[in-house]
Amino acid sequence: MATESPAISVENLVKKFGNFTAVDNISFTVPRGKKFVFLGPNGAGKTTTIKILTTLLHPTSGNIKVDLYDPVTEQQLARKSFGIVFQDPSLDDDLTAYENMDFHGAFYDVPKKLRKERIEYLLNLVDLWERKDDFVKTFSGGMKRRLEVARGLIHHPKILFLDEPILGLDPQTRNHLWDYVRELNQKEGMTVFFTTHYMEEADKNSDIIAIIDHGKIIVEGTSQEIKEKAKAETLEEAFLKLTGHSIRKEAGTAQDQLRAMAKLWGRR
Amino acid sequence: MEAVYVMWLRQLKKTWRSKARIIGSLGQPLLFLLALGFGLGAVFEKAGQGNYVNFLVPGIIAMSILFTAMFAGIEIIWDRQFGFLKETLVAPIPRWKIMLGRTLGGATTSSIQGIIVLLIALLIGFRPVSLLGALLSMAFIFLIAFMFTAFGTAIASRMTDMQAFPLVMNFIIMPIFFLSGSLFPLTEAPAGIKAVSMANPLTYGIDGLRGTLSGASHFPILLDFSVIISGAILLGLLGSYLFSKIEV
Ligand SMILES: Nc1ncnc2c1ncn2[C@@H]1O[C@H](COP(=O)(O)OP(=O)(O)OP(=O)(O)O)[C@@H](O)[C@H]1O
Ligand SMILES: [Mg+2]
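Chains Z and E, in that order, give the protein sequences. When the letters of the first sequence are read in order and numbered with numbering that gives the first Met the number 0, they come out as residues 0 to 267. When the letters of the second sequence are read in order and numbered with numbering that gives the first Met the number 0, they come out as residues 0 to 247.
I should point out that these hints are in silico values taken from the structure, not numbers from a laboratory. Even for Gly, the Cβ is constructed at its ideal location relative to N, Cα and C. Please note that a few of the clues may not be correct.
Simulated coverage check for chain E against chain Z, where a stretch passes if three residues somewhere in it have a Cβ under 8 angstroms from a Cβ of chain Z [as the list claims (entries may be wrong)]:
hint	stretch
1	0-6
2	10-17
3	74-83
4	87-99
EDC-like, lysine to aspartate or glutamate: derived pairs with alpha carbons at most 16 angstroms apart [said to hold, decoys possible]:
hint	chain 1	residue 1	chain 2	residue 2
5	E	K12	Z	E98
6	Z	K115	Z	D132
7	E	K13	Z	D92
8	E	K13	Z	E98
9	Z	K226	Z	E199
10	E	K12	Z	D93
11	E	K12	Z	D133
12	E	K13	Z	D133
13	E	K12	Z	D132
14	E	K12	Z	D92
Make the full structure from the sequences, and use the hints.
Set out below in structure tokens:
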């Protein structure tokens, strides 16, 4: 039965960028209506996995399904099933906050009246209603982030991807947003797939945890199970035990920086 | 269909809000009109080619459309850099519709630009041969605008950084402009230049504008129209294909 199938299933997913393997043969499933958190050090492969699931990148190999559909071959159907808040900025700075929200509603076919109600509600939730007609380029980093998250919630998707949604947000906003996401999860059975570096937040807001490092999933289970396995008191302790205390010298990230520099200064 | 409209509207709003850019991009055509129109006019007429302003105005209109349309298309690189592209790429809308909305938006703003140049030309003494001709020229203006916005989109879909700008400028836009019969008649040009120009769709766009606005075209207007509409459709298809293949 359709409702019994998982919201997300990933089998032997691999993603290579040239010779570098960013996602190394991972498999997991996210049951419907659950809150799944993906933890891992910088450069572990979290964002890359999310980009593949959300049709932005093609996998090198592996089988994936998002709400029954293959994001590679059935992009359109897959896109209908999810919403996403990106880790990187994705707002149009030359539009107002309201326009950014309204255009998103149009992309996702939210009926006009409902769209208006939700935009007002969400902009109030993130405390931006007063600034709704200001251009996004005049916002602070945190305000942009708030708008970004609010925009992702307009269309109440079946599956919501949140890539480090609370990064740089104050505690008040964080709490408001999590309350709202939890409410959608409970009332509408929305599946939540998120990543974060705040262990407490991860523990509090998830049903299932997977820890990924160097492109491989090293452990998956409930918070309790992971703590037991690592013989740790807290999730943070378990995370550090499992992924090591050292800051990884990551080939990828250094390369990224070089690439960014090359882009900026170019070979002129 | 609302998605197409929204993408179109976005393009218009963004252009309208950067008035400096609108004014800035009028500078070049204005300079060409004045400097060449008055500077070369006498020589041109002495050579027995007739009124140079009548010859030049359609070329300059096309030039301003070419530049603004290509840049409107290439703006995708900007959206990629600042991230908004991702938002449109994950939306549950067929990508060709997003591309169509953008392209119609870019085509609309660059058509308006072309019309403004036409109005300026009226101020310095240019007179279209007939009202009907002036109306028909609008079709050419829009098709040229659509074609090159789509072309810009196609190019930008395969490029990831700003370095592409000077490359596109010098190796694509400039040759298209100079080898299109925009500034000098092709009848007198060497065979090589002539051959390249005949393969350049802008040549037919400009010829169509000359036919409708100045009443003297090199090719039959219907041929001009057929070439330019085929070019618009083909580049539209190419642009939406390449756009649909973007990964970020
Ligand atoms: N387009 C790309 N080209 C080359 N390498 C890439 C590309 N995108 C990501 N990578 C590399 O893949 C690896 C995984 O990156 P990813 O963004 O998935 O990490 P992450 O787990 O989301 O990290 P963070 O916590 O820092 O967000 C990194 O080493 C990164 O440098
Ligand atoms: Mg990431």
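Status of the hints after comparison with the structure:
1. Counting residues of the stretch 0-6 of chain E whose beta carbon lies closer than 8 angstroms to any beta carbon of chain Z gives 4, which meets the minimum of three for the stated coverage.
2. Counting residues of the stretch 10-17 of chain E whose CB falls under 8 angstroms from any CB of chain Z gives 4; the rule of at least 3 is met.
3. Remark: the stretch 74-83 of chain E is confirmed as covered by chain Z, as 4 of its residues place a Cβ nearer than 8 angstroms to a Cβ of that chain, reaching the required three.
4. Coverage of the stretch 87-99 of chain E by chain Z holds [criterion: at least 3 residues with CB-CB distance below 8 angstroms; count 7].
5. Straight-line distance between C-alpha atoms of E:K12 and Z:E98 comes to about 10 angstroms, which keeps the hinted pair within the 16 angstroms bound.
6. This hinted pair checks out: Z:K115 and Z:D132 have alpha carbons roughly 14 angstroms apart, not beyond 16 angstroms.
7. Of the pairs offered as hints, the one joining E:K13 and Z:D92 holds, with about 10 angstroms between alpha carbons and a cut-off of 16 angstroms not exceeded.
8. Distance check on the hinted pair: E:K13 and Z:E98 sit about 12 angstroms apart at the alpha-carbon level, within 16 angstroms; holds.
9. Simply put, Z:K226 and Z:E199 have alpha-carbon atoms about 13 angstroms apart, close enough for the 16 angstroms limit, and the pair holds.
10. Restraint check for E:K12 and Z:D93: the C-alpha separation of about 9 angstroms stays at or below 16 angstroms, so the hint holds.
11. The suggested pairing of E:K12 with Z:D133 holds, with an alpha-carbon distance near 14 angstroms, which does not exceed 16 angstroms.
12. A hinted pair counts as satisfied when its Cα atoms are at most 16 angstroms apart, and E:K13 with Z:D133 qualifies at roughly 14 angstroms.
13. Our distance criterion of 16 angstroms between C-alpha atoms is met by E:K12 and Z:D132, whose separation comes to about 14 angstroms.
14. The straight-line distance between the Cα atoms of E:K12 and Z:D92 is roughly 12 angstroms, inside the 16 angstroms bound, and the hint therefore holds.
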